[in-house]
Structures are given as structure tokens and as C-alpha cells.
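Using the sequences and the hints, build the whole thing.
Residue numbers (the numbering used here), protein chains in the order written: chain C, 1 to 529; chain L, 1 to 256.
These are computed hints drawn from the structure, not numbers from a lab.
Some hints here could point you the wrong way.
Said to hold, decoys possible - Cut-off 27 Å, straight-line C-alpha distance, at most; resulting in silico cross-link-like pairs (DSS-like, lysine-lysine):
#1 Lys327/C / Lys462/C
#2 Lys384/C / Lys151/L
#3 Lys226/C / Lys252/C
#4 Lys115/L / Lys154/L
#5 Lys384/C / Lys327/C
#6 Lys154/L / Lys384/C
#7 Lys105/L / Lys209/L
#8 Lys199/L / Lys34/L
#9 Lys199/L / Lys159/C
#10 Lys18/L / Lys159/C
#11 Lys163/C / Lys18/L
#12 Lys209/L / Lys115/L
#13 Lys55/L / Lys202/L
#14 Lys109/L / Lys52/L
#15 Lys163/C / Lys22/L
#16 Lys253/C / Lys226/C
#17 Lys105/L / Lys384/C
#18 Lys469/C / Lys501/C
#19 Lys201/L / Lys159/C
#20 Lys113/L / Lys18/L
#21 Lys4/L / Lys109/L
#22 Lys203/L / Lys105/L
#23 Lys251/L / Lys4/L
#24 Lys163/C / Lys34/L
#25 Lys203/L / Lys109/L
#26 Lys384/C / Lys52/L
#27 Lys199/L / Lys4/L
#28 Lys52/L / Lys151/L
#29 Lys151/L / Lys34/L
#30 Lys115/L / Lys52/L
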Amino acid sequence: AIMRGVPQLLSRARLVRVGFSASEPVLAVQAGILQPDKFTQTFVQIRGLKSSKVISQAPLTAVDIADSGKQLKQELEAIVGPGNVSSGESVVLQHGQDEGPHPGKSPDIVVFPSSTEEVSEVCKICTRHNTPIIPYGTGTGLEGGISAVEGGVCVNVSKNMNKILQIHQEDFSAVVQPGISREMLNQEVRSDGLWFPVDPGADASVCGMCATGASGTNAVRYGTMKENCLNLEVVLADGRIIHTAGIGSRPKKSSAGYNLTSLFLGSEGTLGIITSATVCLHAIPESVAAAVVGFPTVQNAVDTVVMTLQCSVPMARMELLDEVQMKACNEYSGLSYPETPHLFLEFHGSESEVESQTETVRDIAADNEGGEFQWAVQQEDRTKLWTARHRAYYADIALRPGCRSLTTDVCVPVSALPDLVTATKADIAEHGLIGPMVGHVGDGNFHTMLLFDPADPEEFRKCKEVANKMARSAIALGGTCTGEHGVGQGKMVLLEEQFGKDGIDVMRQIKGALDPQQLMNPGKVFSRN
Amino acid sequence: MALKVLVGCKRVIDYAVKIRIKPDKLGVVTEGVKHSMNPFDEIAVEEAVRMKEAKLVNEIIVVSCGPAQAMETIRTALAMGADRGIHVEIPLGQMDTFQPLHVSKVLAKLAEKEKVDIVMLGKLAIDDDANQTAQMTASLLDWPQGVFASKIDKTDAGLEIIREVDGGLETIRTTLPAVLSADLRLNEPRYATLPNIMKAKKKKVVKMKPADLGVDMAPRIQVVSVEDPPVREAGQTVSDVDDLVAKLKDKGFSSA
Chain C
1 AIMRGVPQLL SRARLVRVGF SASEPVLAVQ AGILQPDKFT QTFVQIRGLK
51 SSKVISQAPL TAVDIADSGK QLKQELEAIV GPGNVSSGES VVLQHGQDEG
101 PHPGKSPDIV VFPSSTEEVS EVCKICTRHN TPIIPYGTGT GLEGGISAVE
151 GGVCVNVSKN MNKILQIHQE DFSAVVQPGI SREMLNQEVR SDGLWFPVDP
201 GADASVCGMC ATGASGTNAV RYGTMKENCL NLEVVLADGR IIHTAGIGSR
251 PKKSSAGYNL TSLFLGSEGT LGIITSATVC LHAIPESVAA AVVGFPTVQN
301 AVDTVVMTLQ CSVPMARMEL LDEVQMKACN EYSGLSYPET PHLFLEFHGS
351 ESEVESQTET VRDIAADNEG GEFQWAVQQE DRTKLWTARH RAYYADIALR
401 PGCRSLTTDV CVPVSALPDL VTATKADIAE HGLIGPMVGH VGDGNFHTML
451 LFDPADPEEF RKCKEVANKM ARSAIALGGT CTGEHGVGQG KMVLLEEQFG
501 KDGIDVMRQI KGALDPQQLM NPGKVFSRN
Chain L
1 MALKVLVGCK RVIDYAVKIR IKPDKLGVVT EGVKHSMNPF DEIAVEEAVR
51 MKEAKLVNEI IVVSCGPAQA METIRTALAM GADRGIHVEI PLGQMDTFQP
101 LHVSKVLAKL AEKEKVDIVM LGKLAIDDDA NQTAQMTASL LDWPQGVFAS
151 KIDKTDAGLE IIREVDGGLE TIRTTLPAVL SADLRLNEPR YATLPNIMKA
201 KKKKVVKMKP ADLGVDMAPR IQVVSVEDPP VREAGQTVSD VDDLVAKLKD
251 KGFSSA
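In C-alpha cells form, the structure reads like this:
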């Protein structure tokens, strides 16, 4: 009863002991923070009491802290097995750092559960210990989503939970655990003539892609993760296991209840842990053709895109590479494209459909000052044609060996793209940075790879400045501060600007309802208050 | 002058599966394990289909030797574009002693029976890495062979083949009929699409036994044992250069 009356601990304090003083009606609380190198906090804000003041403060002994950490570890080991709990330095280091430029904080403990039930028990234990829970898939995110900013337990759900649970060829769907990556899923279903079309840059966990609302180069025709997820099995902070579209449900559509799938999709681990996902598969197209065409300006390229979409050509891929990116690709892959903006296109359909689509787009491109229209049908020729686009990231890093990239990610209505790209390029030049651009131009989504020297914090600051300016411009143009990568830590302020206080407050209320102790991936997406 | 091609396909454990040795140490675990078409055979089928699309070939017959599940492999080849199939049935129990020489004899008999112009195989199967069947088949038929092919072109007299060899690339010319085997860089195989998978179900597949072709199944090779590679030993951390030099001397790597 006393425990329940002590919410809202000021930081990640954990209740160690509670007692009453004999002489005064005072609640004496000893609280400790799980990380042994932090000092203890013995002042706790207690709701319901008329006043609370610090009677005395004394640091908890190292033994006290070690004991509480040991206790947590023992309870976790009892659930997942001692071999599946680790606080080893290299293990926690790996589990706090994703592939983005932001340095991540390590969790205190990493656990490797083998089933949804184990995940549920782990969450119950963490709830009892008031310890943060950070879900971990493949660690391929770009926004610091797995950084354990308040320490806690990292739940690696991909190592041991790596099965494809079901494949439904006739219904075009599959049910996968977090350890299945998108390439693994594709490998499995291609012999049935099916494929999973959402293809972000990394070979990410499919469940992780649900957590970030990922997307890729095929979104213009096949949709993002949002359009390709039918159901999610989620474990909440208190250990409850729910199915967002119904238990075992996988119909193509449903009007039953609140759309919880949409709620959890893109929630970046702040509402629960995704332990399995039911995703849509598509038929491998009968015929595929690839084409590359250069333009004098970005405006020309985007005009081509807009007209193509207005002609309802069902484009499978429309990627824009600016002249800086083309130069990088030429140097890295030994190609000889003209250093001007280029469109990389892919057509899917029957042989006759692909032929007629290609003709239509060839004409539109020519009308917009398009240059030579190179195209290919054979698998290896298409692969060669798309090499430039596929190796874009590495080509960029090679422009300045030793540097890293702050990859921006904004999405605007397609018509606003030329203005935003022009303004961004001017900004990049003004700051003296190198920033090649690659865009899923059919969606109005583009990325700049702002290169910085990791040893030069000033350069990183400049990159952040350009990135934030770009995001704000995108919001002003009716777009969003993140098209596919998620908010993580870096864009929390931008999210508030995009939604306004009331919008974020509604998100806070929902989070408060599902995660009252604020344990699920704290410090992400939006601030506590 | 359209040609007829016989393509051989083998059903093997999928390349991505982690192989486990059977407790009796005479083979690997195959039950319940994912199987698929040998990747080099996929390349062989793809090449035959491209030759058909280029109107050089007018019929592709796919053959696979194995138990009932070999039908899956045949259907995949049919879905990629082969015209009809032959399933040479080998009971599951006999698969352990069914060896490349037997396959070569089967293929040679079928090549003659079907009067084909080209026998097209993968250069090796990823389960036994034998790299024998194409060569033995050519020998049994007394046909020229173009193995490790990375490019195949039709000439007036027959075929011009670029082969991948240790020193680089070798170009040879053969007459027809000939036996070819596909190397990795010959092409990138297509994925079977759903409409083609459905069409493939209607294509004809004939079943027969090795005895029907007069092939003697007695094994010539006996597998004595199959073992895991030795477990990697833990490394040793050395404290400084002197320590390293001393250790190298100990292990006999340095005479100085």
C-alpha cells in the first residue's frame, strides 16, 4: 500500500527500503539508482502528503546498489536462463548503439528471451523493480532509438525468437518473430512466387520495421510498413500480451474495435515490445524493367515524377539522386554518368504492361529535358544499372574517408520537393558541408547524407543545424519531420512543433495509460511532460 | 535449327541452413530440413530459358533424380520456363548410395533417348561439391564438354564458350551435341512468378526408374565417416612483443 503511494520518482530511483520513523509521522524512503556510479537520491516526491521534506540524505552503500542489481539479475536469470542474461561490457555496449551518428548509452543488463511468455515475465520483473525496458531487434536504426538513456534492461528479442511462424501463400501473408529480417523472409517465400516489398537500407528485423514504421524504395507502389502489417503481438510494460487486430486475426480488412495495430506501429518501443508481426506478401512481378535517366535540374526530374504519377503509371521505384550523389557514385563504383540529377526507375507488371509503362515514362522524361534513357530487363543488367543507387551510402562515406553521416529524413507533398531541395542545397553550401541527396521522390521523401568528421563536434553541430532547418521547412510545407526513420531522440523537439502541444499531450496520455511507470524506452519520441 | 536441351536439377539442402551431422556420423541430417534447387542448377535452367527466349532452343526438358520431393525441384524448373519434366525415382533409402556416376549414366541414357543437342548442368552440387557429373556424362556420350561456363554463344558450327579457369577465362569452341556446366557468373536466375508456378502445374512430368534406363545402381564409393571440422581453439593474448616472439619461437615459426 505504501509502495503504491510513491509514484513519480524524480529520476530512475528505485525503492530499496521504506520505513516509518517512530517519533514523527514521516515516511523514510531509501531509493537508489541502478547504475552504481551515480549517487543515490533519497528525496522522493510523495503524492498525498501535505509536505515532504528531506530529513536526511546519505549515499546508499555500494553493497545496497549491487544487491538490488544482483536481485534483478537473478530474477531475470530464473526466467530466461543464466546464459541469456548479460551485463558484460561489450554486450551492453553493442546493445546501446545503433547505426546512426548519435552516441548511444548502454543498458545495465541485456536479456535474450526465447518466447513471448518469457518476454512477458521479463516485463513483469522490470515493472516490479521499476526498471526501464528497451526492446532491441537488429540495432540497425538511425535515430538512437535503442539508447538506454536511463539505463535499464535491454530486451533482445531477435537472437532466440527467430522463426517464421506461418506462411500463407494463398492469403499473401506471413507471421514472423523479431529475429526474422526482411531478407530472411524474402529468401523463404520466393520459391512460392512471393516477396516482401518493404526494403529500408538495412537488412532490418521485420518486427523492428513495424516499431519504426519503416519504408523503402518500393513504397510508391507497394506501401510502407503501415500498409503491410495486418496484426501485431505486443507485450506491454506490465506483462500483458495483446494482439492488435485480434487473436490470430489476419483478414485483409476489419472494422472491429480501435485500430491498435496503427497505434503500436511506429511507436518505437515506447508502448510495448513487438513479439510477432503478421505482414503482407505480394506476388513477384512477372516482368521487371529498370531505367536510368539524367536531367539538367531537380525541377525537371520532379516534374517528370509528378506527371508520371498523374498518368497513373504504377511505378514500382522512383529514386532521385542529385549531382553530388552521382559524382560520388561515379567515383566509388567506377561509373561514368553525367554529374546531373538522375532518376532511377523500376517498372513491374506483365511483359506488355512493363513495355507500355516504359514508353510512357520515356516520353514524359524527354518532354522534361531528360537525357539518355538507359534501360534493362535482364536481372544482372538491372542490377548493374541500379548499382549506383544501392551503393549510395558507401559512395558518400568514400567521398571523405573516416567521416560519418548524419542522414536526414523528411517527407513533403511531392509538389513541394523542388523548393525544399533547392533551399536545402543552398543551406548545405552556406555551412560548408558535403551533403549528397537520395530521394524516394515518388513519395516526396528524401535523405541527405551530411558528412561530418566524428572528431569535430563543431561540424556535427552544423550538420544538426542544417538537418533541423530542413525538418522545420518540411513541416512548414505541409510535410513531416521524419518520413521513415522515426523520431528516436534527435527529433523530439521537432515532433512537438509538428503536432502542437495538444497533439503531443494526447500521445502523453496514451503512453500514461499503457505505461504508467514510464518504463518503455524512456527518453524517446516525446518528453515526459 | 532450334535445339533441344536436357537440364539436370538436384534437390539439395538449402544453402542458408546450418548443417548438422547425423549421430551415426555417416551423413548429415536431412529430415525436416529446408531443401531447394541447387543454386548452380538454377543458373543452368535460367540459361536454357534465355536460349529459348532467344529462339535458339525450342524445347527444354528438365530431369531430376531423387525421392518424391524431387518433384518440387522439377516444378520450380518448369515455373522458370522448362517445357516438360522427367522424374527418375530413387527411393529415400537409396539416396545415400546414389552417386555422380549413376547420375551421369542416367543423363547419358536420357540424352540419347530424347535426342537432345545440349545437356546443361550446374558445375557442382553444394552438398557434395563433387563437380563430376557433367564431365562423366560427356565422357559416357563421347560428346565435347564446356564446363565452368560463364558465357555461352551459338556459332554456325556449334557453340563458343567462355570458361572460368584458375588463371582467368578460357574461350573454347565445340560442335554440337555437347555437355555444358554452369558457373556462378553465367547469369542471375529469375524468380518463379505466381502465374508461371500455376502454369507449371499443368506441364507434363514423366516418372521412371533407373532400371528402366538400364542403369546399374551399385555404389562405387563408400562413405566411411562424416565429421564436423575441428572446433576452433581459444586464442592466446600476448602481453608484449617479446612475449610474442618467444611464443612464435616455441611454436617453431621463428628460427631467429
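Now the hints, each set against the structure:
no. : hint                : verdict
1   : Lys327/C / Lys462/C : holds, 23 Å
2   : Lys384/C / Lys151/L : holds, 17 Å
3   : Lys226/C / Lys252/C : holds, 13 Å
4   : Lys115/L / Lys154/L : holds, 19 Å
5   : Lys384/C / Lys327/C : holds, 17 Å
6   : Lys154/L / Lys384/C : holds, 25 Å
7   : Lys105/L / Lys209/L : holds, 13 Å
8   : Lys199/L / Lys34/L  : holds, 24 Å
9   : Lys199/L / Lys159/C : violated, 40 Å
10  : Lys18/L / Lys159/C  : holds, 16 Å
11  : Lys163/C / Lys18/L  : holds, 14 Å
12  : Lys209/L / Lys115/L : holds, 19 Å
13  : Lys55/L / Lys202/L  : holds, 23 Å
14  : Lys109/L / Lys52/L  : holds, 23 Å
15  : Lys163/C / Lys22/L  : holds, 23 Å
16  : Lys253/C / Lys226/C : holds, 13 Å
17  : Lys105/L / Lys384/C : violated, 40 Å
18  : Lys469/C / Lys501/C : holds, 20 Å
19  : Lys201/L / Lys159/C : violated, 38 Å
20  : Lys113/L / Lys18/L  : violated, 39 Å
21  : Lys4/L / Lys109/L   : holds, 15 Å
22  : Lys203/L / Lys105/L : holds, 25 Å
23  : Lys251/L / Lys4/L   : violated, 61 Å
24  : Lys163/C / Lys34/L  : holds, 13 Å
25  : Lys203/L / Lys109/L : holds, 22 Å
26  : Lys384/C / Lys52/L  : holds, 24 Å
27  : Lys199/L / Lys4/L   : holds, 21 Å
28  : Lys52/L / Lys151/L  : holds, 16 Å
29  : Lys151/L / Lys34/L  : violated, 31 Å
30  : Lys115/L / Lys52/L  : holds, 17 Å
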